[in-house]
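**Q** Whole structure, please, built from the sequences with the hints as guidance.
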Amino acid sequence: MSVKVVATGVFDIIHIGHAHFLNAAKEHGNHLTVIVANDATVRKMKGEPILSDKRRSEVVSQLKPVDEVVIGRTGDMLDIIVEDIKPDVIALGFDQRLFTTKELAAKLLERGLDVKVVRLEEMEQDLAGSRKIISKILKIYRKKYSSE
1 MSVKVVATGV
11 FDIIHIGHAH
21 FLNAAKEHGN
31 HLTVIVANDA
41 TVRKMKGEPI
51 LSDKRRSEVV
61 SQLKPVDEVV
71 IGRTGDMLDI
81 IVEDIKPDVI
91 ALGFDQRLFT
101 TKELAAKLLE
111 RGLDVKVVRL
121 EEMEQDLAGS
131 RKIISKILKI
141 YRKKYSSE
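Residue numbers (our numbering): 1 to 148.
Careful: at least some of the hints might be erroneous.
[Claimed, not checked] Taking CB as the label site, the calculated pair distances span:
no., residue 1, residue 2, range
1, K144, D79, 27 to 37 Å
2, K86, K46, 20 to 30 Å
3, R73, K143, 36 to 46 Å
4, K54, K143, 28 to 38 Å
5, K86, S146, 13 to 23 Å
6, G75, Y145, 33 to 43 Å
7, K64, Q96, 18 to 28 Å
8, G112, L138, 44 to 54 Å
9, S2, K139, 17 to 27 Å
10, Y145, P65, 32 to 42 Å
11, Y145, E83, 42 to 52 Å
[To be verified] Below are the DMTMM-like pairs computed for lysine to aspartate or glutamate, each with C-alpha atoms no more than 20 Å apart in a straight line:
no., residue 1, residue 2
12, K102, D76
13, K4, D114
14, K132, E121
Calculated directly from the structure, the hints in this document are not laboratory data. Bear in mind the structure is a predicted one, so any value in this text is a computation, not a measurement. Where is the CB? At the ideal position from N, CA and C, for every residue including glycine.
**A** Here you go:
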């Protein structure tokens, strides 16, 4: 029996935290669909993406646990989940706090989709986040080039 899992994210600078997240998500089923946030959504949430949604989805599609990649639509993220994917499980990252697991499950049930929602644990590592990586790059760059 196929158990479809959905995970979502920006995935702008792929790092070990993303790999951990996607591997952990895949453990909840045998088919992992990843929704990569589209550029307009990223601009609204975090500012200008470094890579386009097409490039980010290409990179994510190459990761071992990923079976399918979809670029998200602008607007209601739940639409794509309910109308297109119809997963059995939604895996939320530790930092995805738009909804609690219970709130998201209830919202989806209102739309006719009975789905299990799980929140995955944070990976403890110094460079397990895009912002941490960007900060370190800037720190190294400033240190190296400020003395010239």
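**Q** Would you mind marking each hint as holding or not holding in the structure?
**A** So, going through the hints one by one against the coordinates:
A beta carbon spacing of about 46 Å between K144 and D79 contradicts the range 27 to 37 Å that was offered as a hint. About 28 Å separates the C-beta atoms of K86 and K46, a value consistent with the hinted range of 20 to 30 Å. R73 and K143 have their C-beta atoms about 41 Å apart, which keeps the hinted 36 to 46 Å range intact. The hint said 28 to 38 Å for the Cβ distance between K54 and K143, and at roughly 34 Å that hint holds.
Look at K86 against S146: about 53 Å separates their beta carbons, and that is not inside 13 to 23 Å. In this structure the supplied range 33 to 43 Å holds for G75 paired with Y145, their Cβ-Cβ distance being about 42 Å. Between K64 and Q96, the C-beta spacing of about 22 Å keeps the proposed range 18 to 28 Å intact. Evaluation of the 44 to 54 Å hint for G112 and L138 yields a pass: the beta carbon distance comes to about 46 Å.
Between S2 and K139 the beta carbons are some 45 Å apart, a value that contradicts the proposed interval 17 to 27 Å. Between Y145 and P65 the C-beta distance comes to about 38 Å, which sits within the given range of 32 to 42 Å. Roughly 49 Å separates the CB atoms of Y145 and E83, a value that falls within the hinted 42 to 52 Å. Restraint check for K102 and D76: the C-alpha separation of about 18 Å stays at or below 20 Å, so the hint holds.
Taking the CA atoms of K4 and D114, the gap is about 13 Å. The hint holds against a cut of 20 Å. For the given pair, K132 sits about 18 Å from E121 by alpha-carbon distance, which is consistent with the 20 Å threshold.
Checked against the numbered hints above, the structure violates hints 1, 5, 9; every other hint is satisfied.
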